[in-house]
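**Student:** Here is how the chains run, residue by residue.
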Amino acid sequence: MDTSFRLLPQQASDHAASVDHLTLAMLFVSVFFTVLIATLIIYFAIRYRRRPASPSALKEAPKSGAKHGALVLEVTWTVIPLIMVAVMFLAGARVFVRSQQPPVDAMTFNVVGKQWMWLLQHPTGVRETNALHVPAGKLIRLLMISEDVIHDFGLPAFRMKQDVLPGRYTSEWFEPTVPGEYHLFCDQYCGSEHSKMVGTIFVMEPAQYRQWVEGRPADVPPRVAGEKLFAQYGCVTCHAARGPTMAGLYGRTVDLEGGGTVIADENYLRESILYPSAKITRGYPPIMPSFRGQLTEEQVMDLVIYIKSLAGATTEPYQLQNLGPATQPHRAIPGPGPSQPTQLPKGQP
Amino acid sequence: MSSQANPVKVYIRVFIALLVLLFLTVALAFVPTRHETARNLLTTIGFTIAGTKAVLIILWFMHVKAGTRLTWIFAASAFVWLLILFALTMNDYMTRKEIANVYRVPTVRAGSMNDAR
Amino acid sequence: MSSIPYYPAAERPQTYLNWSYRVKSWLFTRDHKRIAILYMLSITLFFFIGGAAAVVMRLHLLTPDGTLVQADTYNRLFTLHGVVMVFFFLIPSIPAVLGNFLIPLMIGAKDLAFPRLNLASWYFYMVGGLCAVIALVAGGVDTGWTFYTPYSSIYSNTNVVWAIAGIFLAGFSSIFTGLNFIVTMHKMRAPGMTWFKMPLFCWSHYATSIIQVLATPVVAITLVLVIIERVFHAGIFDPSLGGDPVLFQHMFWFYSHPAVYIMVLPGMAVVSEIIPCFARKPIFGYSFIAFSSVAIAVFGFLVWGHHMFVSGESMYSALIFSALSFSVAIPSAVKVFNWTATLYKGSISSATPMLYALGFIGLFTMGGLTGLFLATLGIDVHVHDTYFIIAHFHYIMVGGAVMAYLGGLHFWWPKITGRMYPEFMGKISAFIIFLGFNLTFFPQFLLGYLGMPRRYHSYPPEMQVLNVLSSAGASILAVGYLLPLGYFIWSLRYGKIAPTNPYLATGLEWQTTSPPPPENFDVPPIVTEGPYRYDLMVSQLGTPLIAEGARIQTTGSAVK
Amino acid sequence: MTELATDLHPNKALAHHFTDMPQQREAVTLGMWLFLATEVMLFGAIFLAYTVYRHQYFDSFRAAGGHLFVSFGTINTCVLLTSSLMMALAVHAAHQGDSKKIVRYVLLTILFGAIFLGIKMTEYVIDTREGLVPLNGWWKAQSPDLRVDREMRLFFVFYFTMTLLHAIHMTIGMAILAVIAWFAHRKRFSAEDYNPVDVTGLYWHFVDIVWVFLFPALYLVHPEMHLFK
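As you go down the protein sequences, you meet chains A, B, C and D in turn. The numbers in numbering that gives the first Met the number 0 rise by one with no breaks, and the one at position 151 of the first sequence is 150. The numbers in numbering that gives the first Met the number 0 rise by one with no breaks, and the one at position 33 of the second sequence is 32. The numbers in numbering that gives the first Met the number 0 rise by one with no breaks, and the one at position 262 of the third sequence is 261. The numbers in numbering that gives the first Met the number 0 rise by one with no breaks, and the one at position 137 of the fourth sequence is 136.
Excised from the complex, chain A in its bound form (with noise of 0.2 Å):
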């Protein structure tokens, strides 16, 4: 990593540059308007400084004409911050807005936090602690939580942050251009090791991360461990009968038992394989047995990405192929279509 003493962070995605073309403009106003006040200040300090037996400069005391003046300075000062605000606050706003949204086609990395380390994972299965290995020009997006207390995963070098909290799924996304290594810190406040919870983001050019990738000795994708708890735990039996179908689950709204909808995201899932009882599926009886206390963490997002994997809502399986010329067109996405009954993949009993 470059350790040589630097005034501003790296710069190593679009994101980024959008955001310190912002931090350069509020810097603009800001610097204009200390100097302005500093500016002034000193000089009516320097200009009307006290001198001995000649206060002739008070007897100009604001008379009646003078209070016009005043009041249309004070219009003119609440108005003018007024206006600059409200283009600081949009202009924030489209570049936050734009940083919360994952975009639908990105390789998703699942991170697990805890005291004092960071638990990644690829889409292809290879592990890594402290440390992420991220193909350069791809998108990025981080499935994240925490398993005890909230964690932070920051990526000063994209400008990106987002809690990493017990007990709820967030999510972060960002699009690497610029291969090198950059820092990941613990933003939060975690305990003890705090300021060790630290790590570095490798990203390498695509080919490179293929070739990285693949002399890492072979873990099992997070799509098949999920499809092989899945049937380890039973869920075939029910889900393929008698329960709620998964096949194009993900991503579509779910009527509720005694009203109410909720759309099938990463959250839902994971809380009805720990809480089946939370939200129940009209028409369905509430007959699932909790999976709390079985499954670990990193257990329950492998399901949670096998169940995504059946709506063919990712990338996943995921094919290293896509990693070839940048050319290469992503998956569009289906539609949530009207439920099937359940076709499970192939190798399922």
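Note that these hints are calculated values from the structure, not bench results. A portion of the hints provided could be inaccurate.
Derived lysine-lysine pairs resembling BS3-like cross-links, with alpha carbons at most 27 Å apart [claimed, not checked]:
(1) B:64 <-> D:100
(2) A:113 <-> A:195
(3) D:119 <-> D:186
(4) C:426 <-> C:344
(5) D:139 <-> B:8
(6) C:426 <-> C:495
(7) A:113 <-> A:227
(8) A:278 <-> A:227
(9) D:99 <-> B:8
(10) C:196 <-> C:344
(11) D:139 <-> D:119
(12) D:119 <-> A:278
Following the hints, position chains B, C and D against chain A.
**Tutor:** Using the frame of chain A, we list chains B, C and D on its own:
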């Protein structure tokens, strides 16, 4: 200051109104329904009745009705602030949309990010 | 104070300080002025405890790998620094010392409306403070002053309960002070003292008190819930038991964001007094400054969610909170512009209080403008929880509140003690503090933008240069803070005897003796003029600073 | 509290720093209203937490609420409203300077308050026997469903926190009322000087209002379950 005091009759009337509202709210809570909308409606009505009771107590038992404008402001201010606390916090909980792909944002290509939207 | 014992006629007039020297007359006093002194002594103690922790931290951060103290010790140090400085120094500082002392004087009352409540507030503060400090020093607390759940409620093995209990008690003291101020300003004003004849000091304190009264109970009950959670594993904020840790953040920041205005609004109060006095001009835009104080207090309640932009709060919520956060900038800007305009065509003296006040404007402007970066969603995500935040709020709280507190302390020192502070030393230390402050905290903006997270015991080597600069600044700042401590104590014995109105200032507090008599005024004042009528005092400008008289705000009779 | 109610000179009604009785009376009353505003925020914040979880765990809260006795709740609400009426009448008597009536009505207020606390205690005992105390080893209402179990516990955390906090406020109020009754007995109040009775009344009515909201929040979540038990 005894002009502030209401005749005893008024207190008794307010008290009876409070009891009537109490039994009304209890009765309403027994309306049998499993439907979510209906239950939410009943909950809302229940708390509206509680609010009405509170207003009765504040206005007559606590003499705000005959009080100065300052008393009115002070009595109301805490509830206004409570409304801020509730509104802005519940706003978060009601709008916590499902994360991730649900937004269906079009793919952003390298080098074309600023044109993505 | 109703039964002041007969005091034999002495050469000096009877003052609130000398009517009795018995310890009991201090510990059971109901005189707002004596309670202010009690507060002053205790917050000074807490300031130096918190400051010592900061010095150790800055020394530790001289090297990137962190060699001076262990990680656990470091975590306890920043918790100590944060808790003590926020809850036991900044929040009571100006309101409980200067506000307590001056508000009754300024509005021409004999005392605050509830003197016993005022005394009780000091006791609550002291018991809470000792409780917290003992918890923080013996064994320590490692949660940070924000006590985020579930770390504080489940995982931390430290004295969290005791520290929280201390803060809870101090919360009562804050509520009592605010309640007292509001009632006093509503009901105890001297004849003729209408709302718009009140000094801006009072307006700002009124706004502060609104926050103290309406926000503090929320944090009090939130902290009680954390205690319940810790002791009984209740699951209120613990996700494994169904709780939501983010709810804690909502409830915590509902208080703790407005709490920032509890710290800085009184600072603005002080500056609004000092500037017209040393510019010899009526303050520009009196009613705009007055209403902007109230606006800041009210808007301050609507913006807490900007502490949660990356916390997993909903995106829509973040957008609303961001938009609302910008609203606070407007009244703040209005104040800065009005203070600057007051200087125009004044007759500006560079006395120590004025140096602090001008320093306040500059530092507050920088703190406020960097606040805009934080309200801007896109930028906040990057700098959230980094040293940028640390720098920003130190510019407001140290550059703002502490500068103003010191300025106010110099300004009213003659009134409080009856002695003048040494002017030359005052100026020197004002410059040292301004310099040391900027050297300490400006590099932290850069560190934050580089990405250095807050509460880090060690950091990447490329950030060392800026950290060393910051630590160097901190040592200068420490000297700057020790100097006034020294010469203020010195002045009690060797300082020049202060006249009634050493600066020829307007305001009722300058019309009673220095120090004031036990019941504030020998003759109950009647107010005929608005505040800051420096235009009426023109004829006296050439006179030396020891001139007596100038009863501008009462009758205007001194103006010939 | 006591500060506000009794911040008086030991021998004479007017404290030294006030100019006249109306000023003192208005200040004390205003102080009490402000104090009540802080109380609104204090209880309001717990209500907020309650609302958030009720919103999230609607069904479990319903299941949990069914364990409470709506009959106890309703009777207690009646008792407390009656006690509030007695307080209002005591203040009315104070306005007219009738010390005997003040004593009588304040004692009645305390009596109804005591009945309320008695019923609440009985309820707590029954709750404990039923295993509704959300502490490990005490909690027996366990549902086979882990989720419902922990969410029901959460309901009872709020039930006990809120009702205990309310009970503490009542106890403090009763202590102050006892002092008021004693002062009234010693003829300390007159038609010109009854402010302590007045502000204590404000406090007592406020405690009543808190219960008015607690009742539907806790007892009317799912009332039919226990009615005829």
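**Student:** Each hint should be assessed against the structure and marked as holding or not.
**Tutor:** Hints, one by one, checked against the model:
Using a Cα cut-off of 27 Å, the hinted pair residue 64 of chain B and residue 100 of chain D holds, with the two alpha carbons roughly 24 Å apart. For the proposed pair residue 113 of chain A and residue 195 of chain A, the alpha carbon gap of about 12 Å is at most 27 Å, so the pair holds. For the hint pairing residue 119 of chain D with residue 186 of chain D, the CA-to-CA distance comes to about 34 Å; that exceeds 27 Å, so the pair is violated. Restraint check for residue 426 of chain C and residue 344 of chain C: satisfied, since their Cα atoms lie roughly 23 Å apart, inside the 27 Å limit.
For a cut-off of 27 Å, the pair hint linking residue 139 of chain D to residue 8 of chain B is broken: about 49 Å separates their Cα positions. A distance of roughly 17 Å separates the Cα atoms of residue 426 of chain C and residue 495 of chain C; the hinted pair therefore holds under the 27 Å criterion. Restraint check for residue 113 of chain A and residue 227 of chain A: the C-alpha separation of about 25 Å stays at or below 27 Å, so the hint holds. About 25 Å separates the Cα atoms of residue 278 of chain A and residue 227 of chain A, which keeps this hinted pair within 27 Å; it holds.
Restraint check for residue 99 of chain D and residue 8 of chain B: satisfied, since their Cα atoms lie roughly 20 Å apart, inside the 27 Å limit. For a cut-off of 27 Å, the pair hint linking residue 196 of chain C to residue 344 of chain C stands: about 23 Å separates their Cα positions. Our distance criterion of 27 Å between C-alpha atoms is met by residue 139 of chain D and residue 119 of chain D, whose separation comes to about 20 Å. For the hint linking residue 119 of chain D to residue 278 of chain A, the alpha-carbon distance of about 35 Å lies beyond 27 Å, and the restraint is violated.
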